[in-house]
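**Q** Hey, can you work out the whole structure from these sequences and the hints?
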Amino acid sequence: MIATVLGALDMNIVNSALLQMAMEFDASQYIGWAITAYMIAMTTATPLYGKLSDIYGCRRVFAASFAIFLAASLFCSLAMSETQIILARALQGLGGGGLLILSQIAIADLASPRERGKYQGILVGAFMLSSAAGPTIGAFVTAHLSWQWIFYANLPLGTLSLALILTGLRSVPRRLSQRFDIAGALLFSAGSTALLLLLANIGSFIAWTSPMTVAIVGFVAVIGMLFLLQQSYTAQPMLDLNLFRRRAFSVAVAVTGVTTFSMLGALVFLPRYFEIVLVQDPRQTEIMLMQQAAAMAIGAIASGYLSSRFALFKPFVLLGVFLEAVALISLSVFIAIGANGVALSLALICLGLGMGMFAPCMTVVVQNSVGDANIGTSTAAISYVRSLAGSLGATLAGGMMVAWLTQDFATIGLAMNPHAMIVANVEQIRELPPTIQAAVLEAYRIALAVGLSVAGFLMVAASMLLLMLPDDRQVFSGEALAPRN
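Going by the working numbering, the first residue of the sequence shown is number 146, and it counts up by one from there.
No wet-lab data here; the hints were simulated from the structure. Ideal placement from N, C-alpha and C gives every residue a C-beta, glycine not left out. It is possible that part of the hints are untrue.
[Unchecked claim] Estimated spans, in silico, between C-beta atoms of each pair:
no., residue 1, residue 2, range
1, A212, S257, 26 to 32 Å
2, Q552, G313, 55 to 61 Å
3, Y450, W294, 34 to 40 Å
4, H289, Q429, 21 to 27 Å
5, S490, A360, 40 to 46 Å
6, E587, P301, 47 to 53 Å
7, D517, G313, 17 to 23 Å
8, Q552, F455, 47 to 53 Å
9, P579, G369, 49 to 55 Å
**A** Listed below in structure tokens is the structure:
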């Protein structure tokens, strides 16, 4: 639990401290890489930790990831320049990725297949609340102490967790005879890092149609093909492609990708809508988003407990995706008609409940659909797909928003850069002449409503895929281990 909280907090806790860091380091526009570096390292490291835990057991790998995280937290607190804090945050992300995924894998070691849902629900709830609370906690610590204390606080909690892991978590090695696939890991890391770097920078530092974009996409495509070929022919691959022959695993991965892609792609601009269209201050926006996070935690804990209590998962994932679809379409309608914040809050709570119900049950489906030897690999695979799909959804949503606003601005004869409008602060938009401001906000409102409606219908498509999952009896009895013919 502490590992999940620490890993989730450090994803966003730095957001509120960036301004103070920039002033202290006399930093450039690249200080935001203190966040990006963490996320890229965390995402790329996740599948590697999964495979290592399958080979060497969860306890040893968990302890190693905690040691990396603690050392990196100390380096972050001692950083004296912009470059040092970015590099230290990348190292911290390398450790943080292990904290998050190995917590989920440890549940599979400690709990029976039926009981896993209950504990996965608690972990998901802790993750949701911690990641949502990160910016608020970061702002409080920075205002009353200093940004260094954001990282100092990790040291006692992390040391306690490391001691508990070494003394209380039993080691369950699975396939000690298998060697780690170094070639596959290098290919995967190179391709994943390049893709995530592109997604983090396209539309801002890199133009969509620039030669750099074409070169990176080509590089990622070549590395991806080499990785798949290498995994197909090596005797001990990093990712066993036969896992995708298991219906429960392949459907769970596909549905997770679709739902995360559509959800994050649709919601990435929603906080900005609250501020520039509903004229809310940041505190009001934060309260609305915290309501969603709380609903996610409640949904995760409740569905996890009930799925274990009644040995059911399919009703909860179906209901979760249904609630997400209803919420996204409702948000689209509410925004299109200019509804107030109360209606939007209700839709966000509904969305949070659906997201929370879906996540822990899908993790259990994956863990129960593979043998014990592949618990780490499979759990890490669905986590990686979730992270990558979210990044891809947010990036494409940004590109589509700019394209939509470009068309709308041209229609009304407005000479304004759509990307500048998206990244401009609220005061800059409010300083526009009233007629232009009204046209800009109307274009933004309609673009967001269309994006949310598309996301809602993608959720409907995801619910159709869910019908292909094995029934509950098969998953909890282990019959889902049988590959498809």
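**Q** Are the hints correct? Go through all of them and say.
**A** These are the hints, each one checked on the structure:
Between A212 and S257 the beta carbon distance is about 30 Å. The supplied range of 26 to 32 Å therefore holds. For the pair Q552 and G313, the supplied restraint of 55 to 61 Å holds, since their beta-carbon distance comes to about 59 Å. Against the hinted window of 34 to 40 Å, the Cβ-Cβ separation of Y450 and W294 comes to about 36 Å, which satisfies the hint. Checked against the given bound of 21 to 27 Å, the beta carbons of H289 and Q429, roughly 23 Å apart, stay inside it.
Checked against the hint of 40 to 46 Å, the C-beta distance between S490 and A360 comes to roughly 44 Å, which is consistent with it. Between E587 and P301 the CB atoms are about 51 Å apart, so this pair conforms to the stated range of 47 to 53 Å. For the pair D517 and G313, the supplied restraint of 17 to 23 Å holds, since their beta-carbon distance comes to about 20 Å. A beta carbon spacing of about 50 Å between Q552 and F455 agrees with the range 47 to 53 Å that was offered as a hint.
Between P579 and G369 the beta carbons are some 50 Å apart, a value that agrees with the proposed interval 49 to 55 Å.
In this structure, none of the earlier numbered hints is contradicted; all agree with it.
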